[in-house]
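**Student:** What follows is each chain in one-letter form.
There are 2 protein chains.
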Amino acid sequence: MSNFIRRRELDFLLYEFAEIQTLFEHDRYAHMDRENVDAILTTAVRIAEDKFLSHAEKLDNNEPTWDGETVHIIPEVKEALDAFCEAGLMMGPIDFDHGGMQLPHTLSQAYMGVFHGTNASTAAYPLLTIAASNLIIAHGSDAQKSTWVEPMLDGRFLGTMCLSEPQAGSSLADITTKAEPDGDVYRLSGSKMWISGGEHELSDNIVHLVLAKLPDAPAGVKGISLFIVPRYLQDDDGRFTKPNDVTLAGLNHKMGYRGTVNCVLNFGDVDGAVGYLVGEPHQGLKYMFHMMNEARIGVGLCAAALGHAGFLYSLNYATERKQGRAATNRDPASEPVAIIEHTDVKRMLLAQKAYTEGALSLALYAARILDEIEVTDDEQVKKDKLNFLDFLTPIVKAWSSEYCVTANRHAIQILGGYGYTREYPVERLYRTNRLNPIHEGTNGIQSLDLLGRKVVMNDGQAVRTLMGEIQATCDAAPEDLKAFAEQLASTSQAWAATTMTVCGAAMQGKIDVFLANSWEYLEATGHLVIAWLWLKQAMACDGKHSAYYEGKRAACRYFFKHELPKVGPKLELLSSMDDTCLTVEPTQF
Amino acid sequence: MSNFIRRRELDFLLYEFAEIQTLFEHDRYAHMDRENVDAILTTAVRIAEDKFLSHAEKLDNNEPTWDGETVHIIPEVKEALDAFCEAGLMMGPIDFDHGGMQLPHTLSQAYMGVFHGTNASTAAYPLLTIAASNLIIAHGSDAQKSTWVEPMLDGRFLGTMCLSEPQAGSSLADITTKAEPDGDVYRLSGSKMWISGGEHELSDNIVHLVLAKLPDAPAGVKGISLFIVPRYLQDDDGRFTKPNDVTLAGLNHKMGYRGTVNCVLNFGDVDGAVGYLVGEPHQGLKYMFHMMNEARIGVGLCAAALGHAGFLYSLNYATERKQGRAATNRDPASEPVAIIEHTDVKRMLLAQKAYTEGALSLALYAARILDEIEVTDDEQVKKDKLNFLDFLTPIVKAWSSEYCVTANRHAIQILGGYGYTREYPVERLYRTNRLNPIHEGTNGIQSLDLLGRKVVMNDGQAVRTLMGEIQATCDAAPEDLKAFAEQLASTSQAWAATTMTVCGAAMQGKIDVFLANSWEYLEATGHLVIAWLWLKQAMACDGKHSAYYEGKRAACRYFFKHELPKVGPKLELLSSMDDTCLTVEPTQF
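In order, the protein sequences belong to chains A and B. In this text, residue positions in the first sequence follow the numbering used here: the first is 1, and each later residue adds one. In this text, residue positions in the second sequence follow the numbering used here: the first is 1, and each later residue adds one.
No lab work stands behind these hints: they were computed from the structure. Keep in mind the model is a prediction, meaning the values are calculated, not measured. Certain hints may be false.
In this list, chains with the same sequence are indistinguishable; a pair is considered to hold if it fits within one copy or across any two.
Lysine-lysine pairs mimicking DSS-like chemistry, simulated, CA-CA at most 27 Å apart [said to hold, decoys possible]: (1) K322 <-> K510; (2) K382 <-> K510; (3) K286 <-> K322; (4) K482 <-> K286; (5) K544 <-> K510; (6) K482 <-> K510.
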């Protein structure tokens, strides 16, 4: 196996942490057993190494180009996507009813992580396509489903999401792309920015999901509608060969993530691009959130996987590279030791392990909630779990991308000068991962979403759920983990109290004061959640003994000793309603 | 002026913070006045913008190449270096006695920062050459000085430092490059790695300062000698045209900092490269530390300058880019505001300002200590100040590079998707700055140097100096800064107590326990020092009122509210003598 993937970790997270096997008892997943889970993982790892990792460096060195007519991408990308689709992985998380394999989301997220970690650029195409399919399945008409979903699931068509415009990135309220009714269809015109997978020859067609405004649309986000706008329309024979009025205006040249073509698209430069309305008019943003939420969890997972790949790579390097001697050894004639023997290198490895395996566990925990929603018939349970998932989503996205970029920073540091060169992959992982705090809603936006929306929705239900879950975990902690359980319980109580204090400003209508330190709030909440999941990971190791389990315990200890205490000052800052950032004037910088 | 430089900031740091004018009272700097300081800064800014910034992007896109015979670098680099030398800037910090301009180090560091921030890759050539000149001036023979220093100061020769080898990076004890006596000279053979400026056609000659071992050398760092090894030797006419036996083995291809050619050099593949011993045999590392210490402060300054350039660029962007509305404005039909109006953007600007102007102030404070050493005749004062400078050096290098990379991360985030593209400079600044935590001794090595050497040397004299300086600053704080002064005093006392606790392990001979959390110690100490300097900056604004001064106060407040409290948990971790990182076994990761 390569230095980018550790199968043992997948097995631990799936079976021992997320306990995927307990899902098989339900009708929905009765077709699953450990044997086919293992077979799917084996296939995924094989394809990821043979077809994705194998061209990751080449793709980074040869980003997509446009000659004015055609976008050129190295052929290995298409070969990788073909292998991915042939193995049925595109349809893994899709229900039987829609032609899929109806795998548990916990499993499909686990294998998607393998692809992200080995080659996030190429994995972005299926990530987007699966999410686009899910959106159409959830909100499209029967005709739309039958036209678009099947070719997407077998990879003949790939999907995109077209939200941003040059003047409207974080502020979707300000999009200006128009959709004029034209018989049964609509004619779209406008520019869309940052479109990943927006133009290429990797598939027979590209299914753009586009936000636009109808002529009678109210201002702001309440006037946004959603359209399917294919690159090619059906000709008289029903084949998708007729160009729609969607043109490439230019490619963006990114610091990393280079293999995912990213572009500006012009819709309707000639006579309006044909679009098909999804669902009701003016409800488009709500539908798009279906895709965005899935993509946000995908981004968090991708960040975790890129971080973990850097961890594994730097771990292997640290084991092989000899340099220096123990701090207690004064004999320069003695043999140098592997750098993994040095405490400060171990620190950077433990930090990477704690961040990235914490983030992976969070992504799989979120996936497991989705599965639990699928298998229950109890509407209240469904609602509560969805509520909790909504709460966790900005944390999955923003905490993971923030800390797993830091993990990649440590990986470079362990390799030293070598890590800074393009001959080693860790700088590529770092450059690539740096996109994750930006796209699918910047991390700042995520923090506003968490505090301004998710915390307060349903009268703070999600806060109570998290507190209850933490308490249940702490109560169940075995003797040797009681000290951590107490630390976690006490931090969670301080967090809940701070949440109350901060929300007090919202109740007084001081929205700007309420949100003034939203990023600190997200960081504190993220650390709390990850500490809780690390305690769960440590509990999953209870009674088990091997170097692997000791490592899990050490990483848990690292998180509780080195990371969780960072929450205290953040909560104090929040509780003090510090207004430093709010009150500084733009002219004062 | 470009978006990379703010002259007002230079003026503040030099005159109001470092009070450079008080140096002019001393004989050594009696030739200086405000007028010539201003003229030098004006010249530096002009050359930095016209000749350095102007090719920074092009250089990043066109890194040096080697065709097997010659290293090719875009011609703008040579033009920039010529302009730099013609303005006399290479000889700025050199004494009159050695043909220099004898400028205060405070001033020369200030203008070097301008060049680092606009184009660190090109600025690296003079940085290395000035440091190499200083080493030869300090430790070379008269003949060596007269041969090498003059052509280096006028830019005809450029300098390098050759320490690392493929098998010996952080561990110089293990270098294997040999030097055999051959009459008056030595013949060197061995490979040197990561040599910045190691091969190029930018100068008539390259003066390599090379660490190597004599045949009778003791093992380890006590057996290292230092040699001047030029690329070209003198021919019979005294001209440097005769190739020495130094050959380029290959170029390294870096993530950033691309314009500084970096290579593997082979010494003595044919008949031994001619080298001239500097000073006494086996004392080479001590001499080299002269250059390394200067380079470490240079690295910290460079990190600060790159961070500050990103701050200024993202500030300008945030002022111009319109997006979204105030949290309190629910009207989607209202005009969008500049993103600098958003609190979370202000947070990222304040963080950048606090980190980078804090780091700049630290670099200039260190430079001012050097000046104070130069102008005093009191040997005890000299010794104490040098001791304090030695203590601060790893902080200048490591804290600045750590936090100013984070500053660049914020700059990208403010620009969002645009910041992630190569069309905007912030990603280049980020990639370039990422080298600074690695070279000239990794940040981990700096933390071992700080705690294992600098804290304990001279019975903890530096700790007492810092405590005394902080106390003096706190005592002098005006009423409106008393709360920060108290917070600083109390943190410094906790820091001193923790230092005592941690050093207790050293006194018991438990060196590994003593050093187990050295990185946390460096971070805590760095935050304490930067908070102290921020208080000094705020005190320099006392009684002054304008948007600029209010901004300084806001950044100080940010540091005290958002950053200094992070020290508490680190000190608790250190005081607890946590051994998580020490005890985890290599097999457990």
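**Student:** Confirm or reject each hint.
**Tutor:** Right, here's what the structure says about each hint:
1. In the homo-oligomer, the alpha carbons of K322 and K510 lie at most 27 Å apart only across protomers (24 Å), although the nearest pairing inside one protomer, at 58 Å, exceeds that limit.
2. For the identical chains of this complex, K382 and K510 are neighbours neither inside a copy (33 Å) nor across copies (56 Å), given an alpha-carbon limit of 27 Å.
3. In the homo-oligomer, the alpha carbons of K286 and K322 lie at most 27 Å apart only across protomers (24 Å), although the nearest pairing inside one protomer, at 55 Å, exceeds that limit.
4. Taking identical chains as interchangeable, the C-alpha atoms of K482 and K286 are never at most 27 Å apart, the minima being 43 Å within one chain and 51 Å between chains.
5. In the homo-oligomer, the alpha carbons of K544 and K510 never lie at most 27 Å apart, since the shortest distance is 51 Å inside one protomer and 32 Å across protomers.
6. Taking the shortest alpha-carbon separations for K482 and K510, neither the intra-copy value of 40 Å nor the inter-copy value of 29 Å comes in at or below 27 Å.
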